[in-house]
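J.: For the sequence shown, this note's numbering gives the first residue as 1, with consecutive numbering after it.
Hints in this document: simulated from the structure, not taken from any laboratory. Among these hints, one or two may not hold up.
Calculated lysine to any residue pairs in the SDA-like style (CA-CA distance at most 25 Å, straight line) [to be verified]:
| id | residue 1 | residue 2 |
| --- | --- | --- |
| 1 | 100 | 72 |
| 2 | 201 | 80 |
| 3 | 201 | 237 |
| 4 | 153 | 253 |
| 5 | 11 | 104 |
| 6 | 201 | 165 |
| 7 | 87 | 165 |
| 8 | 201 | 234 |
| 9 | 201 | 176 |
| 10 | 11 | 55 |
| 11 | 100 | 184 |
| 12 | 153 | 54 |
| 13 | 201 | 144 |
| 14 | 100 | 150 |
| 15 | 153 | 38 |
| 16 | 87 | 202 |
Beta-carbon label-pair distances, calculated as ranges [stated by the list, open to error]:
| id | residue 1 | residue 2 | range |
| --- | --- | --- | --- |
| 17 | 200 | 90 | 16 to 26 Å |
| 18 | 33 | 270 | 12 to 22 Å |
| 19 | 153 | 18 | 22 to 32 Å |
We treat Cβ as the ideally placed atom computed from N, Cα and C, and that holds for glycine.
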Amino acid sequence: MDLHNIETYLKPNHIRDLPPWETGWAWLAGGTWLFSEAQPELTTLVDMQMLGWNELEEDENGLLIGATCTMSQLLAFNYPPQWQAFKALCSAAHELASFKVQNTATIVGNLCLALPASTFAPVMLVLNAHYELQSLSGDRRIVSASDFQTGAKQTILRHGEVVRSIRIPATTLQWPVSYRRICVATAGIAVSIVVAAHDIKNGTVRFGIGGCLPHPELVTFADPPTSLDLRDGLARQIPIDCFIDDETASARYRHHVTAVLMERSLQEIC
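Whenever a hint applies, use it, and build me the whole structure from the sequences.
T.: Okay, structure coming up:
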């Protein structure tokens, strides 16, 4: 879609090249969502492509994902065989977009949109990812994935601030994982997303819950739970009134199918 109200297009080589951030400005990474609908409040696009932030790197600490790394880059990455959890990242890309969109859309862009149906947010949560945020002055701060999204289309990003990169620890990437997503139609918005991971060393089981809540939540168990313990734990850690209740699905239905997906995921990883 053409954005006829855009008056200025900026393409900086460095973040410090930008003037003070103003109302009506927006970062442009892949742009697959930005150009999908009218954006009447925007006047300026700040293109990130020349900043050189498209890293996808492995080191002894884990995986680094740059701000403009695309989903297709992620899917083509030759990750170490012991990184079992990398499969959840790939599932998030496949569940979200066609191959054409994957070639342009970025992982960070999906997270910054902060939609309840984000396919990547529950993965980052369950794998204990951390985000590096950068201001226009170059100041940086590190926040956990669990603190980043605060609601539907709401994050802790400050005025003009951007997610510079994502860091996923090597230890969590070695966990067995399961990624499950249910929709009311094949190409519909998710009713629930459950990403499960098993820390075999400590016995802990973690569930990243998304799609059914305004923002993703983490449900944890010290040991692999029974079916009854799992349902009780879900009800205790995320009360049913926290679930989205709309024309797509009721809160009660979302709560029920989330418990079903958690049980099936548990069978897969334990």
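J.: Please list, smallest to largest, the hint numbers that this structure does not respect.
T.: The structure conflicts with hints 6, 14 and 18, although it agrees with all the remaining ones.
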